[in-house]
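**Q** Once you've looked at the hints, dock chain B against the given chain A.
Read off the chains here:
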Amino acid sequence: AQKITQTQPGMFVQEKEAVTLDCTYDTSDPSYGLFWYKQPSSGEMIFLIYQGSYDQQNATEGRYSLNFQKARKSANLVISASQLGDSAMYFCAMTDRGSTLGRLYFGRGTQLTVWP
Amino acid sequence: DSGVTQTPKHLITATGQRVTLRCSPRSGDLSVYWYQQSLDQGLQFLIQYYNGEERAKGNILERFSAQQFPDLHSELNLSSLELGDSALYFCASSPTVTSGGLANTQYFGPGTRLTVL
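Same order as they appear, the protein sequences are chains A and B. Just so we're on the same page, my numbering is the position in the first sequence counted from 1, plus 11. Just so we're on the same page, my numbering is the position in the second sequence counted from 1, plus 9.
Okay, chain A solo, but in the shape it has when bound (with noise of 0.2 Å):
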């Protein structure tokens, strides 16, 4: 079953206005992390935030933050005040207690462009 659904293949924001990537996940496992990576042109991954299962708070990271509904399982990245260089492909992913400790299952990811 797939673990994180990401439905969104591509999405287009003008520069400056905020932007809302989805996320859906689904685990049995009530002690789970959920993350989001940046993969840019170049090719490298880059971490941008964390949200445990357990954290009350929605997580916050400069001009990302994550929208994380538990019953509804999903852990939208908003981005605001896109800027050109946040065009990239974004990776949610999460790791849960189930068949392998640690590993990151990841969605298909979103293309984020970022107009001027």
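For the record, the hints were derived by calculation from the structure and aren't laboratory data. Bear in mind the structure is a predicted one, so any value in this text is a computation, not a measurement. The beta carbon of each residue, even a glycine, is placed where N, CA and C say it ideally should be. None of the hints are false.
Computed beta-carbon distance windows for the label pairs:
id: 1; chain 1: B; residue 1: Thr22; chain 2: A; residue 2: Ser53; range: 20 to 26 Å
id: 2; chain 1: A; residue 1: Gln25; chain 2: B; residue 2: Ser89; range: 46 to 52 Å
id: 3; chain 1: B; residue 1: Leu111; chain 2: A; residue 2: Phe23; range: 28 to 34 Å
id: 4; chain 1: A; residue 1: Glu72; chain 2: B; residue 2: Gly25; range: 42 to 48 Å
id: 5; chain 1: B; residue 1: Arg31; chain 2: A; residue 2: Gly73; range: 30 to 36 Å
id: 6; chain 1: A; residue 1: Leu95; chain 2: B; residue 2: Thr24; range: 36 to 42 Å
id: 7; chain 1: A; residue 1: Thr71; chain 2: B; residue 2: Thr29; range: 39 to 45 Å
id: 8; chain 1: B; residue 1: Leu126; chain 2: A; residue 2: Gln80; range: 42 to 48 Å
id: 9; chain 1: A; residue 1: Gln94; chain 2: B; residue 2: Gly61; range: 39 to 45 Å
id: 10; chain 1: A; residue 1: Gly96; chain 2: B; residue 2: Gly61; range: 34 to 40 Å
If you want the footprint, here are the derived chain B segments under chain A, 3+ residues with CB under 8 Å:
id: 11; region: 42-52
id: 12; region: 111-125
**A** Frame of chain A; chain B shown alone:
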């Protein structure tokens, strides 16, 4: 810069050949993970090592093997290469082996792009 290094950055080889990809984890990290990224499969977990010992296996082919050395660097060996093995191979590291947690965030190296002709 994540602190994880991978060499080589690019590798072009022929079918049937064998290659070795190398990874050095961040200073202090004991756990190393290998992932494969391809257009059709996306990002797939291959294998995990912790302090020199194999801890978990994912979708790793029998033609592939890995090891982690006493200095904690890791190597991924790919043999009898096929066209379908062409992909971006990532190494990631984290401090421990337990699941989840911000403290155990995996940081990725720049990847090795393998092209099999």
